[in-house]
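Number of protein chains: 2
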Amino acid sequence: MGMLSDADEKFLQEAISEAEAGLAEGGIPIGSVLVVEGQIVGRGHNRRVQQGSAILHAEMDALERAGRLKAEDYRRATLYSTLSPCDMCSGTALLYGIPRVVIGENRTFQGPEAYVRSRGVELVMADDPRCRRLMEDFIAQRPELWNEDIGV
Amino acid sequence: MGMLSDADEKFLQEAISEAEAGLAEGGIPIGSVLVVEGQIVGRGHNRRVQQGSAILHAEMDALERAGRLKAEDYRRATLYSTLSPCDMCSGTALLYGIPRVVIGENRTFQGPEAYVRSRGVELVMADDPRCRRLMEDFIAQRPELWNEDIGV
Chain A
-13 MGMLSDADEK FLQEAISEAE AGLAEGGIPI GSVLVVEGQI VGRGHNRRVQ QGSAILHAEM
47 DALERAGRLK AEDYRRATLY STLSPCDMCS GTALLYGIPR VVIGENRTFQ GPEAYVRSRG
107 VELVMADDPR CRRLMEDFIA QRPELWNEDI GV
Chain B
-13 MGMLSDADEK FLQEAISEAE AGLAEGGIPI GSVLVVEGQI VGRGHNRRVQ QGSAILHAEM
47 DALERAGRLK AEDYRRATLY STLSPCDMCS GTALLYGIPR VVIGENRTFQ GPEAYVRSRG
107 VELVMADDPR CRRLMEDFIA QRPELWNEDI GV
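Going line by line, the protein sequences match chains A and B.
Counted from 1, the first sequence has number 58 at position 72 by our numbering; the numbering is strictly sequential.
Counted from 1, the second sequence has number 131 at position 145 by our numbering; the numbering is strictly sequential.
A few of these clues could be false.
[What the hints assert, rightly or not] Listed next, the in silico DMTMM-like pairs over lysine to aspartate or glutamate satisfying Cα-Cα at most 25 angstroms (straight line):
| hint | chain 1 | residue 1 | chain 2 | residue 2 |
| --- | --- | --- | --- | --- |
| 1 | B | Lys(-4) | B | Glu108 |
| 2 | B | Lys56 | A | Glu130 |
| 3 | B | Lys56 | B | Glu108 |
| 4 | B | Lys56 | A | Glu11 |
| 5 | A | Lys(-4) | A | Asp59 |
| 6 | A | Lys(-4) | A | Glu99 |
| 7 | B | Lys56 | A | Glu58 |
| 8 | A | Lys56 | B | Glu108 |
| 9 | B | Lys(-4) | B | Glu23 |
| 10 | A | Lys(-4) | A | Glu108 |
| 11 | A | Lys56 | B | Asp123 |
| 12 | B | Lys56 | A | Asp123 |
| 13 | A | Lys(-4) | A | Glu122 |
| 14 | B | Lys56 | B | Glu23 |
| 15 | A | Lys56 | B | Glu130 |
| 16 | A | Lys56 | B | Glu11 |
| 17 | A | Lys(-4) | A | Glu58 |
| 18 | B | Lys56 | A | Glu134 |
| 19 | A | Lys(-4) | A | Glu23 |
| 20 | A | Lys56 | B | Glu122 |
| 21 | A | Lys(-4) | A | Glu130 |
| 22 | B | Lys(-4) | B | Glu130 |
| 23 | B | Lys(-4) | B | Glu6 |
[To be verified] Okay, the calculated beta carbon distance ranges per label pair:
| hint | chain 1 | residue 1 | chain 2 | residue 2 | range |
| --- | --- | --- | --- | --- | --- |
| 24 | A | Ala(-7) | B | Arg119 | 44 to 50 angstroms |
| 25 | B | Gly38 | A | Ile125 | 30 to 36 angstroms |
| 26 | B | Ala10 | A | Ala7 | 37 to 43 angstroms |
[What the hints assert, rightly or not] Which residues of chain B face chain A? A few of them, derived with a C-beta cut under 8 angstroms, are:
| hint | residue |
| --- | --- |
| 27 | Ile41 |
| 28 | Leu49 |
| 29 | Leu55 |
| 30 | Ala57 |
| 31 | Cys72 |
| 32 | Met74 |
| 33 | Gly77 |
| 34 | Thr78 |
| 35 | Leu81 |
| 36 | Pro85 |
| 37 | Arg86 |
| 38 | Val110 |
| 39 | Gly137 |
Keep in mind the hints are simulated off the structure, nothing from the lab.
Think of the CB as a built atom: it goes at the ideal place given N, C-alpha and C, for glycine as much as any other residue.
For reference, chain A alone in the conformation it holds in the complex (with noise of 0.2 angstroms):
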């Protein structure tokens, strides 16, 4: 836990721009990253309130500017998300192989962890004060939004 390396830090550090200015447009802070061999080939945050949106979590905002990706490409990416993966995003990190998810926090919400995990998948928590606190301030002003993105 925290123990992130220097690439990990940087890359989670660009998550949480994406969700960062996901909140400055009005929207639930959550950002992803797709990296693969040392670059950022997709980014993205949630866009619920923005595009109206049910299936635009910052994973999948992700992978969908990251556009159509060879098979090998996935196999050898890292997904970052400042927060654990829903059923939704974990589920896309499974059907395209994506063997590494580097998670900012799953204290205000946790995904199938331990279902990934064994599917195969490598999740390396950061816990990341930011990403935390992030959700937290979220959750409290707006928990109706935050249900819903979880279908609560």
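Got chain A sorted already, so can you dock chain B onto it with the hints?
Coordinates of chain B only, in the frame set by chain A:
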């Protein structure tokens, strides 16, 4: 198998119509509709080719086009798909607590059905020859595109 109610047959036919529309656009022939209380609230088809999308599988397209629904709407919904939902689409059904999925066929591709059932979702298998034929013909003609769609 193959013993759908009249309502399920009707909505599966709508999903097949979506698959055929996708095929006519040069896309992957998989279609889906989301039904709440006997009404189609979202309909869609795979748009990988048409929109260069990595996330718009048929079920995702139908859910996105349904817009931001309330949790209680998803909880009484049925999702129809011409093909067994993949990890991504299955995860999305789980996120939103969709309790029932009607599947056109699962012979050309099978998603994580056992896991989805273990999470409490009812899966109804139509084993429909029209759905199978659409996929068999497509896979024979465009195997590389099909593999891309399922991350292979």
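Inset, instruction - Check each numbered hint against the structure and report the violated ones by number, ascending. - result: 7, 8, 21, 22, 36, 37, 38
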